[in-house]
Structure formats: structure tokens, C-alpha cells
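Asks: Sequence:
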Amino acid sequence: MPLILMCGYPCSGKTRRANELKEYFTQNTERKVHVVGDEDQGIDKNSVYADSQKEKNLRGALRAEVERYELFCLIKHTQTPHCLVYCLTSTDVSSEWNKGREADSQYTQEILDALILRFEAPDSRNRWDSPLFTIQQKDSLPFEAICDALFKRKAPPPNQSTQSQPLSSTNFLYELDKVTQDALMAVLESQKTSVPGDLISIPGATEKISFILTCLAFLYLNMVELRKLRRQFISYTKMHPTENIGQIANMFVQYLNKSMH
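Mapping of the sequence shown onto this note's numbering: residues 7 to 267, in sequence order.
Any given hint could turn out to be false.
As the list claims (entries may be wrong) - Label pairs and their in silico Cβ distance ranges:
(1) Ser207 <-> Met245: 26 to 36 Å
(2) Asn34 <-> Tyr180: 43 to 53 Å
(3) Thr35 <-> Ala120: 37 to 47 Å
(4) Phe157 <-> Met245: 23 to 33 Å
As the list claims (entries may be wrong) - Below, in silico cross-link-like pairs of lysine-lysine (DSS-like), each with a Cα-Cα straight-line distance of 25 Å or less:
(5) Lys214 <-> Lys244
(6) Lys184 <-> Lys244
(7) Lys38 <-> Lys28
(8) Lys184 <-> Lys264
Hints listed in this document are in silico derivations from the structure and should not be mistaken for laboratory results.
Ideal placement from N, C-alpha and C gives every residue a C-beta, glycine not left out.
When you get a sec, could you build the whole thing from the sequences and use the hints?
Replies: Laid out in C-alpha cells, this is it:
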């Protein structure tokens, strides 16, 4: 399902433009259109955007709502074309439009100013912001160009960061977590008695960690530093799962030796 992302200041016309696009596609392409926005969430905007946790929860709900309509694409692991529509207004215009809304739909001036300050304008030079359609107050939407961007353009090619990698077994995550945790405890315990030149044995691994490296790299590794390396290794391994679970321990030892060298 092609995706159109709307961005702009609060009260910059995003909802109006989204509804114009929905009407166009419904009438001219016979395609179903779903509009997802905070207007449908039954929230008090000023309360939500004044509280970082509430705002985080709202954005999570909006993302989940978008993904619900993209399940077919997600299941098939396909790429989907997208475009970005930027409703460009000045702060004064957004403030004026905000005051013209119904009272229960208005932002307080404080919240409005804060959201505008945090807004990062898109840049067409960024691949994630392209194709970009910048629409000013008096402009008409370029419906045909947007339609072409969605339905006549090839989807961006996948890369390792966007492709879903299947886990090699049902207990892969369990073993990954257990093996790396056991390795950390072994390193910490060994540091109590080891001297430079010793090799630290890791449960389940044939390779060993050089205690010289731990001394030179971190002057005795502490738990915070070890946990950071563990998280990095787990994140990488989830994207590149091994078919041989028995090699996880050796892979982690190699990772630690390389990171501490």
C-alpha cells in the first residue's frame, strides 16, 4: 500500500490537504484511502503534547494504526512507494488558523510554539524525504504528480536495515540472550583474579578473550561498558542470525576481542 506522509507546523493545513488527496484518489483512481491522524484518537491535544510520555504513546498508536493498514505489504515483505507532502506555512499563519478552530480543537499558544520549534523541515536531498511536494497556502495540490510518484515509480530497493531477517530457530533469541549474559558474568568474574597475559574462558566458546585487551581497552571493564557491547552485538545478530546456535558464544568472543582491540 503506497504511503503519503504529511508534515508541517500544527495548523498548517495537513488535515485539509489529506482530505483533498483522499477525495481525489477515491474519485479518480477507485482506490481505497485511509487517513490516520491524531484527530481520530479522541485526545486532548494540549494535554498530550505537554507530556512527553503521552506524546510518545500517541505516536506509537498512530504508527500502529498505519501498520494495520499495511499488513498485507508487511507480511509479504514487499517495499512500497511513498512520497512526502509538506504543508509549508509561516508561524503567524499557523497561529492564525489555530485561533480559527473550534475551542476544543485549538492548541494553547505555548504548546503550538513548542511544536513549531521542534519541527524539522524535510529536505528533498535526503532519500527518506524524496519525492517531496512542498505546498504553500494558496497552492493547489499536484494530484497527478503525487499519483505518479505512488503508482508509476519503483519502490526503493531494500537494504539490510529494512529487510526482515527470519530467526533461524524458535529458541534463537533465548540462546542469544543467555549466552551473551553468561559471557559477561564470566568476564567480570575473571577480572578479579586474572593478570595481564591470561586468557579468559567463556562458557560454550572455544575461543578466549585476552585479559591484556581488557586492561588496555577499558582498564578493567565495568558492567555498564560490557552491557553496551552486549546490546550492540545482540542488535547486529538479530539482523544477521546464524544457522548454528552453537557458534553464538564464539561470535560474541570475537566481537568483544575486536571491540576492545
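Asks: Each hint: holds or not?
Replies: Evaluation of the provided hints:
no. : hint                          : result
1   : Ser207 <-> Met245: 26 to 36 Å : 28 Å, holds
2   : Asn34 <-> Tyr180: 43 to 53 Å  : 52 Å, holds
3   : Thr35 <-> Ala120: 37 to 47 Å  : 38 Å, holds
4   : Phe157 <-> Met245: 23 to 33 Å : 31 Å, holds
5   : Lys214 <-> Lys244             : 23 Å, holds
6   : Lys184 <-> Lys244             : 14 Å, holds
7   : Lys38 <-> Lys28               : 8 Å, holds
8   : Lys184 <-> Lys264             : 21 Å, holds
Checked against the numbered hints given earlier, the structure satisfies every one of them.
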